[in-house]
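Visitor: Which chain is which? The protein sequence lines are A and B, in order. Position 134 of the first sequence, counting from 1, maps to 134 under the numbering used here, and the rest follow consecutively. Position 136 of the second sequence, counting from 1, maps to 296 under the numbering used here, and the rest follow consecutively.
If you are wondering where the hints come from, they were derived from the structure by calculation, not from laboratory data. It is possible that part of the hints are untrue.
[What the hints assert, rightly or not] Straight line, CA to CA, 35 Å or less: simulated DSBU-like cross-link-like pairs of lysine-lysine:
1) 409/B <-> 152/A
2) 125/A <-> 411/B
3) 288/B <-> 125/A
4) 159/A <-> 288/B
5) 125/A <-> 172/B
6) 248/B <-> 152/A
Predicted model, so just to flag it, every value in this text is computed and none were measured.
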Amino acid sequence: MGVTRISKGTKNGLIVRPIKDGTVIDHIPPGKGIKIAEMLNLFRQDSVIIIGQNLESTKYGRKDIIKVENRFLRSDEYNKISLIAPNATINIIKDYTIQEKKRVTIPDVLEDVAVCINANCISNKEPVPSRLYAVSRDPLALVCHYCNFECKEDLIRLKT
Amino acid sequence: MNFVNRDIVSIKDFTKEELEHIFKTAEKMEKDGYDDTLLRTKKIGLLFYEPSTRTRMSFDAAAHALGAETIWFAGVEGTSVMKGESLKDTIETVANYVDLIVMRHPFDGSARWAADITTNRTKRGHKKVPIINGGDGKNEHPTQTMLDLYSIRKTQGRIDGLEVAMVGDLKYGRTVHSLSYALSMYGCKLMYVAPDSLQIPEHVETFLKRNHVQFAKHSKIEDIISSADVIYMTRIQKERFPDENEYNKVKGIFKINRTLLSRAKLTARLMHPLPRVDEISVDADDDPRAYYFEQAGNGVPIRAALLSLIMGVIE
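This is chain A alone, in the form it adopts within the complex (with noise of 0.2 Å):
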């Protein structure tokens, strides 16, 4: 595993050494790379990782992105990132070349992606599927399906 942090005077990221196949979860806001990180357990593997934080964009001002080598995402994966980052772009390389780009988007229902915040929820209390659904984007709202209850952005808990 290797990871590279660059703070300042990037272009682009290209100070980053380009990978071979792999993902790059690109315009992840500034400090949340590390989070999407460990959320995906990219630290639990033996593949490339590089994460770059504080990169300048022209979209955002500042962003994360990381690179990870041979390493492609599930679609509930593509669900978490969205919850923390909604607007990443995944970029799938193959031989060096972007093959696909993506946008995530925040679906309507989330299932089994995140928890119920209340902790007297069914879902909390026995093996029962969690279910929430986006009723807001911005800010980020869920409302869980067994409960009714309400969950704000930075009070999000996703499913480990």
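Once you have looked at the hints, place chain B on chain A.
Guide: This is chain B only, laid out in the frame that chain A set:
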């Protein structure tokens, strides 16, 4: 309008027109009497994980009045829940024995989960067993709300545009949450009387704001007593407090006696989902504005109407 095999989980699942249909059905049953052949072949399961007097007994009374059989447990003592059985396994099992389940459970959202379980069973070729929420934790108690609305409609001749005050434990009280959601459809002015620590929770407040409901918070009954059409008292629920010291700080904080009640409009009605502890003095019971025992009585026609509509024996 289709009620057949419908789950009653949240009051928010119902439109104003559907509620009116339930009220008219209940009204007709009260007027014409109950037909004890309507549910003669039906079995109703009453699964009460938490204590209840009115909800369980009025469902039982309604079911028997319509000729149904009831099978039940009241408290988990003596059931396999004591051996650690999950709600899913209990529902999967009981659904084999009955046509409809009424459930009260301590966890929020348990009724929706139970409804999902019996809906999933239909994919395995079983008939749908509808779930009626008899109270899920501090979340909702929709049939209480239906009988509350029915009581308001019966005593005031309407629900639209009334001033309704809710007093006491507005934080943990599921009946006031459900009642607030329902009254949001009727353009009522809502007045919440509680200490700061027991005021209406943020998620209910957010709902009211989103739906442009007129509401205000108060700290004294005296602020609302003369203008309210309905005063809805609630008990400070000791069992819902995580900390007994917090309970001791607020217990007995709001009390209505005959003298205070005499300041209300003559047409106003004092309601309470019951049980009461000391928030309404016994000396208020004979005041013409006191309506809580009649309100509890309205549980039978409302629940009889629901059972008949859901079982599809009347339209």
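Visitor: Would you mind marking each hint as holding or not holding in the structure?
Guide: These are the hints, each one checked on the structure:
no.: 1; hint: 409/B <-> 152/A; verdict: holds (30 Å)
no.: 2; hint: 125/A <-> 411/B; verdict: holds (29 Å)
no.: 3; hint: 288/B <-> 125/A; verdict: holds (25 Å)
no.: 4; hint: 159/A <-> 288/B; verdict: holds (31 Å)
no.: 5; hint: 125/A <-> 172/B; verdict: holds (24 Å)
no.: 6; hint: 248/B <-> 152/A; verdict: holds (29 Å)
Checked against the numbered hints above, the structure violates none of them.
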